[in-house]
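Colleague: Chains as they are written, first to last, in the working numbering: chain S, 960 to 1733; chain R, 960 to 1733.
Don't read these hints as lab results, they were simulated from the structure.
One thing to keep in mind: the hints can contain errors.
Repeated chains share a single entry, so a pair holds when one copy, or any two copies, can fit it.
Here are the computed lysine to any residue pairs in the SDA-like style, where the Cα-Cα straight-line distance is at most 20 Å [said to hold, decoys possible]:
(1) K1504 - S1564
(2) K1224 - R982
(3) K1504 - K1538
(4) K1551 - I1042
(5) K1224 - T980
(6) K1394 - D1013
(7) K978 - A1467
Number of protein chains: 2
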Amino acid sequence: MRKLRIVGQRELRTDAIAKATGRVRFTADMRRKDMLTGKALFAAYPHALIKNIDVSEALRVPGVVTVMTAKDLPGRNGYGVMIQDKPVIVESKTHYEGDAVALVAAVSDEAAREALRRIKVDYELLPAYDDPREAMKEGAVRIHENHPVAEDGNILVTLKLDRGDVEEAFAQADIIIENDYETPIVEHCYMEPDVCIAEPDPLTGGLTVISPAQAVYANRRSLAGVFGIPHNKLRVVSPLVGGGFGGKEDSCLDVSAMAGVLAVKCDRPVYMELTREEVFRTTGKRHATYISHRLAATKEGKVLAVDVRTILNKGAYVSMGGMKEPLHAVTMRTLVYAAGAYHVPNARARSHSVFTNTPYACAFRGFGVPQATFAMECQMDELARRLGMDPVKIRQINMLRHNDRTITGQVMLESRGLGLGECIEKVAERFGWDKALPAAAGPVKKGKGFAVYMYGTGIPLLFEGSNCYAHLQLDGTLSLAVSSTEIGQGLNTVLAQIAAETLGIRVADVVVELSDTAKTPDSGPTVGSRSAVLVGNAVLDACAKLRERMLTVAARYMFAKTDPRDITIEDGVVSVIGKPELKQPLSAVAAKAYASQVPLAVVGSWYPPQASFSAEDGQGNPCHAYAFGAQAVEVTVDVETGVITVQRAVMACDVGKAINPVNVEGQMEGGSAQGLGWALMEESIMEKGVMRNPTFHSYMIPTIEDLPRLEPIIVEHPNELGPYGAKGVGEPATIGMAPAIRNAVWDALGIKINVIPLTARQIIKSVKEHEQGR
Amino acid sequence: MRKLRIVGQRELRTDAIAKATGRVRFTADMRRKDMLTGKALFAAYPHALIKNIDVSEALRVPGVVTVMTAKDLPGRNGYGVMIQDKPVIVESKTHYEGDAVALVAAVSDEAAREALRRIKVDYELLPAYDDPREAMKEGAVRIHENHPVAEDGNILVTLKLDRGDVEEAFAQADIIIENDYETPIVEHCYMEPDVCIAEPDPLTGGLTVISPAQAVYANRRSLAGVFGIPHNKLRVVSPLVGGGFGGKEDSCLDVSAMAGVLAVKCDRPVYMELTREEVFRTTGKRHATYISHRLAATKEGKVLAVDVRTILNKGAYVSMGGMKEPLHAVTMRTLVYAAGAYHVPNARARSHSVFTNTPYACAFRGFGVPQATFAMECQMDELARRLGMDPVKIRQINMLRHNDRTITGQVMLESRGLGLGECIEKVAERFGWDKALPAAAGPVKKGKGFAVYMYGTGIPLLFEGSNCYAHLQLDGTLSLAVSSTEIGQGLNTVLAQIAAETLGIRVADVVVELSDTAKTPDSGPTVGSRSAVLVGNAVLDACAKLRERMLTVAARYMFAKTDPRDITIEDGVVSVIGKPELKQPLSAVAAKAYASQVPLAVVGSWYPPQASFSAEDGQGNPCHAYAFGAQAVEVTVDVETGVITVQRAVMACDVGKAINPVNVEGQMEGGSAQGLGWALMEESIMEKGVMRNPTFHSYMIPTIEDLPRLEPIIVEHPNELGPYGAKGVGEPATIGMAPAIRNAVWDALGIKINVIPLTARQIIKSVKEHEQGR
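From just these sequences and the hints, can you work out the full model?
Modeller: Okay, structure coming up:
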């Protein structure tokens, strides 16, 4: 293998300057005056029967072009990322606050808003559920009368995993740790609210839908039937995306469905934008979970078994929740990661995904894994504490090693022995784990916490594979087209690096086109920390083909009697190895290829090994590659105010190979910040299906002021199947923070708290209960 | 070969309804309020030195953002379709009326116009040439002092062809026909004036250029250096094109260059649109020619030799005129077609392309071939007349037959004996050539005329090859992307038919994306009647690959133990041949392929055999396939008013295979109309470089009222290398009309006129001279 010149370098992101100077155009910047404005009348009550809708007064508002109810839809009234169970406009019943009851298109925002006010809806209220444990009880009112895949009343699905002999293991155990954990409903809080431009195309009779989507092809598959438009006439475009974190898999589908049916109905372009409050109330959220976790171990600290029951708050619709077929999704991941990153020979896990009247729960950075890992990492800390062992030591004893089997039975070929071990060691060393914290004076207590995790790259069970279109230009520059979106994660820089490394040009010579079904092949959705690996491999395939063609042309026409294997391309210069005087610019070789009937456009593809996962017992190889990580934090807790401050965070992640280290560090820092928010402050507070804090005044997220010094450490144990060894990093980075903080708070206060977020109110309450309990 | 189901059908054009109902968007429809308006100050004098330019007053006009002169340009001040000799803004000298002296960008049209009025230019006048015969004389003022490729003073190039022994043949001849012919400068008169939107892309630092271009990749190659932007950051888009006829190869380059440099300078989007008068004065024209033609024949009517000297009015710049390297272009074609569609064993041809101060001459439907054929077909009529032979008979005696050699020495493998012969026979038969015309009474005389022609498909000497991107969608529909443009010729319908036939779907299931360098591979320029064949073959290649993949998947997964060769796809249904009950929709097979890791996106390519043409003697195989045609017209001529009316026109064209017969007939009808305009009325009248009729009030083109009954006949002698046998038809269709009309006028009046257009003024003058001559 050639020495790497570009992969592994700290490249400035290709979009950095244009974004930092505010000059790029997002979807909202493309609004034109000739577009109608679309608005939705959302459900006034989260769970209610709709007895009557009267839109006659709304239609009389000057400037209103149409008012649509379900009966006016052009196609199928259902869509979704896995199953088409979410109606564009509900027909006779609301399931949550975000259900659209009617849609309006008007020539101005004012007219549209006035029309919304004049729509009269008669509701008959039903009891609304916030808590899946209530909704799954016998006698609960069914939220979906005829849901296509719900298994039992409000229980969407129950998935299971069984490995070894759990009963026997618990019987043999020296120690059993048993706890209930709770994690909250969380909003993605992407910067750019959901927005869509839907514009009929008179030439094809189709529609162009522009929105900051994470998955243009998945959106098209889901929406084609809603609009009644064939795939090749439904152009789905995702310009730059102002953050998504998994949420814009669904939310852009929501807004696109609404804007799209209005555009089809009116046969005019429609612009639709959600307010921030609408984003809070209507779009998908992270699954809240209720986890009952039992862990059996020997007195030497070896974990023998886990027995885990997870109840997931599905909210109103399936989204990326989980079904039996296809299996991959959040619910299934709570099984796979029920024992965290440890070698646990016996495991039983049951996960119930249950409908409630809260916003549908969907993909959210790490989907399912942060919740499962939170529980397991809390358990491990308690195990260490009960055995009087060091929390790091207990993790080292149990961590997955090369050739170990996970609780799905997958043999760990990934870590080559030490991916996780090296992360633990490096974090402990950098953090100075062995040194005691200096004592804190007065009401401010200090503590430190540790956590480890693993995370599988991609979504192989749902479907995997990636295609890329690459076009070498006559001046030696390269155009790449993939359907994956630059969502702020730096993907396009990483792909440019892979392309530049493979072909032998500079990063500056690569342009990655924006995602657009009319011009990019299907490289899959931008989810699951899959893009660097899956799409990167497709780019590598395409560029390797182009490189080979260029070497062949150079050998044949430009360096007579030279073997192509003796030619190289670096920085856009084609030269004979060892004879630097024999060289040509790549542009000259490309021009020669062009004139010599050698195509300069190629499609590259990559597919991972087929994944497996049994619905019977949760056994199989659900992912081809796993990233590993470790995290340590130091916190101070003011027992009088309840305020927790994270003073320091050290994190290591085995990313296989950091294509762009600065980007990987950015992901680790951003993921830690998001994990910190999840641990300390973020929560959508629901009250009978009504969100009580749908604004940034009442819903807190971390600002730069809330962040500690973040110290990312990159560990590289190559993924043999990844491009230049890479594994995914986007989601892994967010997992470790919450359990590390919770464990540090226990360390600081000596109080065990099993519920996040650890708000000031929660801390004061726990301190009070603890004091009262004494 | 499977029975054809779609190719050969009279398909409704896929863009027919959207265009007929006026709903599609052309470039001008994309203008936005936030765009600056760009305008050019064109040369006040066609040939002058620029002594000084003062833009200070112009810059003071409120709303003016910039005024650019040559010194303000961001990159190379030169571009062109073959050589970069046309400046964006002239520096010190004007060469024709269309030279830009300065450019203005302003927030309104009014401000821009006011700024133009306030620019002060001091000129020093030079003599201006309209006639290349004057410009090539010794002592003429040089129009380009330092032209990069001009051979001798104002002579751009002299090309030659020599075959056999011309002197000997003339010595042996029984009869020699010798005449001078003249053809005019003609404007393309496309409906849509030239227009461009140039918009900086802050994300890449590049530029997007939208204009109704015929050749997005060629434009990009030419403009990248002008803007100083790499190819992959210069996105060139051609939406629907409102006619081009070869003109928009150059004219869109002109307007794009001007709008682009303004956009780069201002770093803001710029909209620029030429007025119709500007289109007349500044854009390219058909080469005027002055042809001295000598023809030697036996008394039996067998042509022994031709000796032809052609002087082409190049106008101010090279454009598609001709050079020694690359050789292909208009000038060279006047050699290749100097003997028309006949087997002539001895030939000498000299063609001089000469700079003048008229608008640059460029590609125009048939480039060079109509002019050369006009002269030869006039000669042949005179030969028949002098020998007392029938004009059809003389053509049958001399026509190219299978295995004959052309005057370039190319062996005619194309016509399989009878492509041309069948055209002649069918036209004569349908027209009723043998029947005498009924005598006309009074001043209105009647006559009939005949002409034949041949035309090589494509531009192989310049470069040939075509690439296509094809994406089979999961619902069984297909997206195609090529850089060739739908210019009104019906290309996208033809490509959809080829794709549908090859893959086995319906035409309605195919979408051909609009031309855009960011999404379509390079399929070459939309010129030279090449697209149906060259691009069609690339589409065929791509769809054949997709079909094979689908058959393989169906055989492997859906019809167990079936050989892929026993499976077919028709109308989107995949079935086992002979077992109609074994079938699956293509969408199901595509979905299975998708799930089975079979890529659904492919690049298709096609390259014709390498062409050849010697600069030494004009010998070689300049084209891989030739279309043939014959045309007969009946005219009436009013000798008092001079008005010629074409009463009837029958035309046959050997198109190899008519992919869409209604489209082919449309091309034959449209080409005939354009040929009629050339013959009877169209001419840009120049006076010392100044155009005297730059409006549709003074420049006449045929309307529907001027057209006779048009009777197209399709003849099909398959091109073995063409998709389903096709050859090009767009340009051939325009060649036959002018010589047929001129010959008919001679028949009607008994007066030989060797100059077109045959305006009423010309007829009256000729009749008067003829009467005086008696």
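Colleague: Can you tell me if K1551 and I1042 fall within 20 Å by alpha carbon in one copy, between copies, both or neither?
Modeller: between (50 Å within a copy, 18 Å between copies)
Colleague: First find the shortest C-alpha distance between K1224 and T980 inside one copy, then the shortest across copies, and answer within, between, both or neither for a cut-off of 20 Å.
Modeller: Between copies, since 19 Å is at most 20 Å while 39 Å is not.
Colleague: Can you tell me if K1504 and S1564 fall within 20 Å by alpha carbon in one copy, between copies, both or neither?
Modeller: both (11 Å within a copy, 15 Å between copies)
Colleague: Indicate which option fits the pair K978, A1467 if close means a Cα-Cα distance not exceeding 20 Å: within, between, both or neither.
Modeller: within (16 Å within a copy, 41 Å between copies)
Colleague: Reference check for the pair K1394 and D1013, CA-CA at most 20 Å: within, between, both, or neither?
Modeller: neither (70 Å within a copy, 78 Å between copies)
Colleague: Reference check for the pair K1224 and R982, CA-CA at most 20 Å: within, between, both, or neither?
Modeller: For K1224 and R982, the Cα distance is within 20 Å only across copies (16 Å; inside one copy 34 Å).
Colleague: Indicate which option fits the pair K1504, K1538 if close means a Cα-Cα distance not exceeding 20 Å: within, between, both or neither.
Modeller: neither (24 Å within a copy, 41 Å between copies)
This entry does not satisfy hints 3 and 6, going by the numbered hints stated previously.
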